[in-house]
Every structure is written in structure tokens, then in C-alpha cells.
Amino acid sequence: MKKLGLYLLLTALLVADQKDYLKGMQHYRAKEYKKAFGIIFNEAQEDNRAAQYRLAEMYENGHGTQIDHDQAMYWYKLSSAKYAYIEEDKLVDNNRSYLSHIGEQFGN
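No gaps in the numbering here: position 50 of the sequence shown is 455 in this note's numbering, and each next residue is one more.
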């Protein structure tokens with residue numbers, strides 16, 4: 406019974422974290438970078454790999470913060486330290502091609 410309780414607690418925490426990140430991404434896509442930066446920064450510190458990558462991009466381009474290439478490099482390296490991934494985007498249409506998804510995420 407304790408295992409079930411622990412599982413439910415961990416699942417609830419993961420869902421809550423995902424909601425925070427998605428809220429940050431909604432602000433990001435609306436070009437409300439200052440609002441997005443705080444949320445994404447907090448998620449990145451909680452070891453969210455997608456948030457770490459997005460935070461690096463924000464530092465690189467000066468979205469919501471000043472351009473800081475050292476911070477950008479730090480967060481890019483941290484996000485890719487364990488594995489490479491393609492970020493699953495829950496806010497866009499999933500009926501598009503895999504190649505177009507990669508292009509949108511990483512640029513041309």
C-alpha cells in the first residue's frame with residue numbers, strides 16, 4: 406500500500422511539473438518572454454531537460470533576459486549531458502511530419 410501511495414505522489418508531482426513547463430511554453434510562444442523565463446528557469450533547475458534546452462535558447466537569443474553565451478552553453482551542455490532528444494510538443498498539431506517537427510524545434 407505504501408508503494409501505491411508513493412507512486413501516486415510521484416505521478417502527481419510529474420504532472421504538476423509538466424503543467425508548469427507547458428504554461429512557460431505558452432508564454433514563450435506568445436512572445437511573452439519575461440513571463441516564460443521565470444517558469445522555464447525554475448523547471449530547468451529541477452532537471453527538466455526540455456526546459457534546460459529552451460532556457461539555453463533564451464540566453465542565446467536574449468529572450469526574456471540579456472544575451473549570455475556562457476549561460477547558453479552551460480544549459481545546452483546540461484540538457485544534452487545524458488542523451489539527445491526531440492522535444493515532444495503538446496501544444497501543436499501532431500499530424501505534421503517528423504522532419505518538420507525537428508526543423509521547428511532546432512531551426513534550419
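Simulated from the structure, these hints should not be mistaken for lab results.
Among the hints, a few may not be true.
Unchecked claim - Listed next, the in silico EDC-like pairs over lysine to aspartate or glutamate satisfying Cα-Cα at most 16 Å (straight line):
#1 K424 to E451
#2 K424 to E462
#3 K439 to D475
#4 K439 to E451
As the list claims (entries may be wrong) - Label-pair distances were calculated between CB atoms; the ranges are:
#5 G467 to N447: 26 to 32 Å
#6 E437 to Q476: 16 to 22 Å
#7 Q471 to N447: 14 to 20 Å
Predicted, not measured: the structure shown is a model, and the values here were computed from it.
By construction, the Cβ of each residue, glycine as well, lies at the ideal position given by its N, Cα and C atoms.
In rising order, the numbers of the hints this structure does not comply with: 2, 3, 4, 5
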